[in-house]
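J.: Below are the chains, spelled out letter by letter.
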Amino acid sequence: MKLTQEFEEIFQKIKSSKPLIHHITSYVTANDSANAVLALGGSPVMADEEQEVEEMVSLASALVLNIGTLNHQKMKAFLRAGKKANALGIPVVLDPVGLGSTRLRQDFVADFLTKVQPSVIRGNMSEMVSLSGSPALMKGVDSTLSSEEGGDEIAKTLAERLQCTIAITGKVDVVSNGSVTYHIDNGHPHLSKITGTGCVSSSFIGLCCASGGPPIYSALLGLSIMGISGEIAESRLDPQKGQGLGSFKVHLFDAFSRFSLKDYQERGKIYEIQSSRQL
Amino acid sequence: MKLTQEFEEIFQKIKSSKPLIHHITSYVTANDSANAVLALGGSPVMADEEQEVEEMVSLASALVLNIGTLNHQKMKAFLRAGKKANALGIPVVLDPVGLGSTRLRQDFVADFLTKVQPSVIRGNMSEMVSLSGSPALMKGVDSTLSSEEGGDEIAKTLAERLQCTIAITGKVDVVSNGSVTYHIDNGHPHLSKITGTGCVSSSFIGLCCASGGPPIYSALLGLSIMGISGEIAESRLDPQKGQGLGSFKVHLFDAFSRFSLKDYQERGKIYEIQSSRQL
Amino acid sequence: MKLTQEFEEIFQKIKSSKPLIHHITSYVTANDSANAVLALGGSPVMADEEQEVEEMVSLASALVLNIGTLNHQKMKAFLRAGKKANALGIPVVLDPVGLGSTRLRQDFVADFLTKVQPSVIRGNMSEMVSLSGSPALMKGVDSTLSSEEGGDEIAKTLAERLQCTIAITGKVDVVSNGSVTYHIDNGHPHLSKITGTGCVSSSFIGLCCASGGPPIYSALLGLSIMGISGEIAESRLDPQKGQGLGSFKVHLFDAFSRFSLKDYQERGKIYEIQSSRQL
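Protein chains in written order, with the working numbering: chain Z, 69 to 347; chain P, 69 to 347; chain S, 69 to 347.
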């Protein structure tokens, strides 16, 4: 009930203000993020030239930083835009794509977090384990790593250490701000079979943060929109007509553009994990 | 009648020559521009390395320059490609994306226009007011700025000053070459809810210019293709089946690839504004 | 029969290992390549920062290098990633997009091939004639150049000289490793009317190589998936409903994600050309 009210407020603010969401992001998924933000009523802008990002983020209501297709030019832009956003009180969402795969990404994110305070960090379990940097936590990490295995502990610990909301996406999403931890049990495996659903989830969280919503509710709503839209998209797939992942992506963007609080009320599955009661 | 003949000539030249359209453009919408140009019968190429753009544009029949995701490397490429195109008599279309949002874009476009002569500049009303740079014109500029408010005057003034065709897109599009000014009353609000329709409009204008069509007719036809295709796409949307903006984009590209002069004859709404008579 | 067994093995290895395919590729088609690799069961990663590509390719099972939107930063990344892949025995697929259009591309590929040994090079006939660099072969080269005209000879000669498999795509695809040459007679003209089908074909070849399949079979299977999926996509187009190239692309990705050996058995048309017998 409480969540529904929070979400309604966020939706209304997005509708009334059409917030500008500044992205510095991967060229692989930039088109998807732009269309997704537009579909939900926001206004996306992608700009990554170091010399203009401070000015651009000053016009924006949220900054989404995604380290896919990272390079040195973008690294400078991330830092300048992130510091400016912090100075102006504009929320920053960090998506540490591929963290753990290369030294460059590991070092950059470590350095970035000493200089910029994000409101939310969203990633998959492998990225979050890499972020935690704890050898103890790394035990048993492999390609089957899922958010169920120690995700609650990692989310809570990282949230406390980094003073922000942590969102770990997977079969079950885990969201924590250190004080309270939630599970989201929406979504469909097809979401992991098209590119960009992680990046778009981060864009949605940025969009919700832009409305002034508290980071924890913004993360919960952003991920719920993705998960529930994935379920709706799958329900519309017609395999008899030969539909597969191409159609699934179209249905998914259809669902984004028609998403309303009613979808959440009908399908939302968010649980506060201490009590395991559905909200 | 006259316009229909002009448009028919342009179409026939595109079909017979499959012109190469060199783009230096944003990574957000490059895929959309490429598919749109292909759908209409052109041949797109995207190349932005300073060292090869002169050679590439020499092979092309038009050059489309889009400053979305601008950076210093691309700025050099814009200038070299633009100068070469001018030297060879190859038409240049400029899309000053986000003009007015940052000093970098403002300064770059101002400098560019002292060195390169475009055939057509296409943008939205905010970008065109920024281009005009007139404080008087800037009064009342805000997010609700639309092409109806002073668009005719700005288009005509800019066309005279910059010696080119100006195309301002919005609810009603305004196209002027300084001597004559037109309105286009096609399109659908959904076109502003997916990314890339502005960029693609510029690509279409480039494609029409490539056919050797006069800039004013190329701009009118390019924007008419977008507006009319948007109407067709919307007419095919089936909300009962849950269709939204994902399907709209698919329908839009369907309409591009099936576009013919017949669509223009059935739906085209171009008015010469002095007389307000439909052509 | 032999081919079917080879293909079945490749499919099974992809399913069981979900190989990581490292791309350094064009921003125009990166999203398409990522979705296509995911649809077939692989795991794509796009990374082009020189400083991290050696590490990234070390994690991968194949490296796909595509010189669309080439720039100097990527040129360094190609060389470092390619050399590392060679050192580790990871197969390299080269897609020399636009070869012949600029001196930069010509010089870069010539230099690259002295330093990196690809397993497969895939391109269209113009690119392959440019690669051959033979004035004699260049006679009669123009926009109507098709793989039927001298393609067998060029493929065989290049394969011998460059010690790799050559795949020339066109109305009929030609694949040769120098010892044996095949034709593939699948596909549909629509495939050349959307962007990225060439790039995606190279990604598919990379995915098949990643499974450990011999380059010649990997090339045959990769191109067969594209050609057959194009036929299936076209068969699902409903022009009565206004469907065109937008829907064709959706159907194509549907077909990718549903592709199985059964599709090949029903539709595959691969001929060993010495004997002209269907395999």
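Heads up, a few of these hints could be off.
You can't tell identical chains apart in this list, so a pair holds if it fits in one copy or across any two.
Derived pair list, reagent style DSS-like, types lysine-lysine, alpha-carbon separation capped at 30 Å [claimed, not checked]:
| id | residue 1 | residue 2 |
| --- | --- | --- |
| 1 | LYS337 | LYS151 |
| 2 | LYS224 | LYS70 |
| 3 | LYS224 | LYS309 |
| 4 | LYS151 | LYS86 |
| 5 | LYS183 | LYS70 |
| 6 | LYS144 | LYS337 |
| 7 | LYS152 | LYS261 |
| 8 | LYS183 | LYS261 |
I should point out that these hints are in silico values taken from the structure, not numbers from a laboratory.
J.: It remains to establish, for every hint, whether it holds in the given structure.
T.: Evaluation of the provided hints:
1. Neither within a single protomer nor between protomers do LYS337 and LYS151 lie at most 30 Å apart by alpha-carbon distance, with minima of 35 Å and 49 Å respectively.
2. For a Cα distance limit of 30 Å, the shortest separation of LYS224 from LYS70 inside one copy, 22 Å, qualifies, whereas the shortest one across copies, 55 Å, does not.
3. When the C-alpha separation of LYS224 and LYS309 is checked against a cutoff of 30 Å, the pair qualifies neither within a copy, at 45 Å, nor between copies, at 41 Å.
4. In this assembly of identical chains, LYS151 and LYS86 lie within 30 Å of each other by CA distance solely inside one copy; the values are 24 Å within and 39 Å between copies.
5. For the identical chains of this complex, LYS183 and LYS70 are neighbours neither inside a copy (34 Å) nor across copies (59 Å), given an alpha-carbon limit of 30 Å.
6. Within a single copy, LYS144 and LYS337 get their C-alpha atoms no closer than 39 Å, and across copies no closer than 48 Å, so neither meets the 30 Å cut-off.
7. Within a single copy, LYS152 and LYS261 get their C-alpha atoms only as close as 35 Å, which misses the 30 Å cut-off; across copies the closest is 29 Å, which meets it.
8. In this homomeric assembly, LYS183 and LYS261 never come within 30 Å of each other (Cα to Cα): the closest approach is 34 Å inside a single copy and 35 Å across copies.
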